[in-house]
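Based on these hints, arrange chain U on the given structure of chain B.
So the sequence lines, in the order shown, correspond to chains B and U.
So for the first sequence, the working numbering puts the first residue at 1; every next one is plus one.
So for the second sequence, the working numbering puts the first residue at 1; every next one is plus one.
No lab work stands behind these hints: they were computed from the structure.
Honestly, I wouldn't trust all of these hints.
Given that identical chains are not distinguished, each listed pair holds provided it fits within a single copy or across any two copies.
In silico DSSO-like pairs for lysine-lysine, Cα to Cα no more than 30 angstroms straight-line [as the list claims (entries may be wrong)]:
hint, residue 1, residue 2
1, Lys62, Lys43
2, Lys298, Lys239
3, Lys199, Lys239
4, Lys43, Lys101
These are the residues of each chain, in order.
Protein chains: 2
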Amino acid sequence: MKEIQKITQRKDVKDAFAVIENLEPITQKEHILLTEIPAPPFKEAARAVKFKQMLEEAGADKVWIDSLGNVLALRKGKKPTKTVALDAHLDTVFPEGTDVKVKMKGDTLYAPGVGDDTRGLVAILTVLKAMEKANVETNEDVLFIGSLGEEGLGDLRGVKYIFQKNNPKIDSWISVDGDAIAEITNGALGSIRYKVTIKGPGGHSWSAFGLGNPHHALGKAIDSFTQQATAFTSSPGGKTSFNVGRIGGGTSINAIPFESWMEVDMRSESADRLKEIDAIFNTSINKAIADYNVTIKKGEALTVNIERIGFRPSGATDASSPLIQRTMASAKYFGAAPSLIIVSTNSNIPISKGIPAVTIGPGGRSSNAHALNEWYLNEKGAEGIKYTLLVLLSEAGVAK
Amino acid sequence: MKEIQKITQRKDVKDAFAVIENLEPITQKEHILLTEIPAPPFKEAARAVKFKQMLEEAGADKVWIDSLGNVLALRKGKKPTKTVALDAHLDTVFPEGTDVKVKMKGDTLYAPGVGDDTRGLVAILTVLKAMEKANVETNEDVLFIGSLGEEGLGDLRGVKYIFQKNNPKIDSWISVDGDAIAEITNGALGSIRYKVTIKGPGGHSWSAFGLGNPHHALGKAIDSFTQQATAFTSSPGGKTSFNVGRIGGGTSINAIPFESWMEVDMRSESADRLKEIDAIFNTSINKAIADYNVTIKKGEALTVNIERIGFRPSGATDASSPLIQRTMASAKYFGAAPSLIIVSTNSNIPISKGIPAVTIGPGGRSSNAHALNEWYLNEKGAEGIKYTLLVLLSEAGVAK
Chain B
1 MKEIQKITQR
11 KDVKDAFAVI
21 ENLEPITQKE
31 HILLTEIPAP
41 PFKEAARAVK
51 FKQMLEEAGA
61 DKVWIDSLGN
71 VLALRKGKKP
81 TKTVALDAHL
91 DTVFPEGTDV
101 KVKMKGDTLY
111 APGVGDDTRG
121 LVAILTVLKA
131 MEKANVETNE
141 DVLFIGSLGE
151 EGLGDLRGVK
161 YIFQKNNPKI
171 DSWISVDGDA
181 IAEITNGALG
191 SIRYKVTIKG
201 PGGHSWSAFG
211 LGNPHHALGK
221 AIDSFTQQAT
231 AFTSSPGGKT
241 SFNVGRIGGG
251 TSINAIPFES
261 WMEVDMRSES
271 ADRLKEIDAI
281 FNTSINKAIA
291 DYNVTIKKGE
301 ALTVNIERIG
311 FRPSGATDAS
321 SPLIQRTMAS
331 AKYFGAAPSL
341 IIVSTNSNIP
351 ISKGIPAVTI
361 GPGGRSSNAH
371 ALNEWYLNEK
381 GAEGIKYTLL
391 VLLSEAGVAK
Chain U
1 MKEIQKITQR
11 KDVKDAFAVI
21 ENLEPITQKE
31 HILLTEIPAP
41 PFKEAARAVK
51 FKQMLEEAGA
61 DKVWIDSLGN
71 VLALRKGKKP
81 TKTVALDAHL
91 DTVFPEGTDV
101 KVKMKGDTLY
111 APGVGDDTRG
121 LVAILTVLKA
131 MEKANVETNE
141 DVLFIGSLGE
151 EGLGDLRGVK
161 YIFQKNNPKI
171 DSWISVDGDA
181 IAEITNGALG
191 SIRYKVTIKG
201 PGGHSWSAFG
211 LGNPHHALGK
221 AIDSFTQQAT
231 AFTSSPGGKT
241 SFNVGRIGGG
251 TSINAIPFES
261 WMEVDMRSES
271 ADRLKEIDAI
281 FNTSINKAIA
291 DYNVTIKKGE
301 ALTVNIERIG
311 FRPSGATDAS
321 SPLIQRTMAS
331 AKYFGAAPSL
341 IIVSTNSNIP
351 ISKGIPAVTI
361 GPGGRSSNAH
371 ALNEWYLNEK
381 GAEGIKYTLL
391 VLLSEAGVAK
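This is chain B alone, in the form it adopts within the complex (with noise of 0.2 angstroms):
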């Protein structure tokens, strides 16, 4: 908290809350233009392109975008020993075509996107415009982003991306993703995601009656597994779920189907947990189908495919760490009485590598997020924005 106390007492500092009280106006039109471009899961390039630009136009030593899409904008330390990053992400959760013209209703904006994630994009560029008019130096590397594919099926393609490439190296993560100050998220809420699809010869269910039935062998996969998924998750530990979410196949009544299908998607805040969940899942799919193998009557065995399609893997900074009691600090600082909370977030990808990383919301109150009726309010909005710069600030180190 003195820390904190001593960054907000400095001149450049006061200078740069100030930059961005004046900046609010600007600040409002640029998260308009940006909402207004769509930015799908997978097609989020004519965003990043606008975003290179507006970054560039703020003020950044160098600015690129990396082979996968991620837009990155470097701002020199004075005594550079470590790289942070401040990540917001560019790709929304609504698909080509969603209407997503900014609607006023009184104050509020309403547009699919404007609060998830558009506003942390927003918020991230006014910090860096607010350092470069107050002339705030850090003593590390500064390195802003704009990430592809946190959502959904993007399965964090973006973050995983960058610390795959890893160039440059990051020390420390701050995502901008979320609303209110007093929610910070040093928990990584992991998750596995199959779709498993189990397939045979099909045929007429009364002629060719005793060859495998895929949707009676997934019958079998899913009561075995949901048996013993039900007590691990009952068992002692860190929260964990399981679900299968949607089931399909099969032609018509009379036919037996030459295939059956299921999406399913496991959670925990456990690392360790989730391992096991995981473990539990293959070993009981893959002997349900070789039991049920064992009972067809004739022709082939049924066959059984499964197919990984999302991995976020589990973890936490840990609350002790100085990047989470700055950041508590700094949302202290601001009047907020601030809770750690578990959420899946781009940090989940620095934590699971042992990095400090942390997901803090930039202010103001929206809602509805995934929704079409999502909003956003900027109420006390600049606050969030001073808050974001001052977390970075205590994690980068304000040059003397």
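Chain U alone, transformed into the frame defined by chain B:
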């Protein structure tokens, strides 16, 4: 066989056979005409109106369309003590919009429905014409029928309605549906079809974890039923089958579904065994859902709805019965080596009511029933119609 020889030696019957030969070009013309009037399931009205007009023109005593839409034509007998029905079905399996234009390749007619059962319709029409033109009189009343809903979800609704209405009361039933003279259907392959729907509150796979998941319950239901049904169908007795044909439900991989469903088909040669597997089905599904509900951690119990969407009773007309003996003798008269088979046809309904019934083939050659490339070749087609007349006359008696 002696009875059959006697009938075929009569002058009026010989005349009728000659008429059938002479009518061949007309029969083919009307076969094409009827094929090209679409008759999708539940939409047989246009073909029914035309078929009624054709029966009127052929000279039946009374022709009408009942309140369901079946076409009936009564030809009075000379000393009637009973009524013999001669039936073919109006409907095809093909949905609205299917191209039913007949294409000729050599002598072969290609069109959806050209065999099943438009050939049957035109065969009974020509039988009526031949009786009229050759002045063949029967002792018993003869009821010519173009019936609705034999295929798929039609679930034999036409013939079910006719026996429910019971006006006129039918004492003997001959369906014309198939092709080869040698194949005589005396056995009714019964079937029962269900749609099972399991419902629950639904919710997010993580935050609402612990709520009942309808897919998990469906898995238990399928596996429990499959295990018991496999044991049952492996035990001695008439062949019996079961099949989960289609499954579905769920909106997203990370949402607990609010609904899960399956479609199930069960068949048996034996009425008793069909009842037994039906009982196994209902008991095992209900018990599986109850067992699953006990494991739910929070929220309301799942509900299950077991909706019967099809029922075709099993049974057989005894091979030693006069109707089957006469049919076999008639087939032999035309040089066929008849075999008795078990199929699902309109005859299922009279058979289940203890009324003698048989399903015969109208001759010619056809294949690919229920497929878009269905075809009919009029090879010895006249013989099939003579055979149909002979079976009818043997059962209805030729008036002295």
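Looking back at the hints listed earlier, which ones does the structure fail to meet? none
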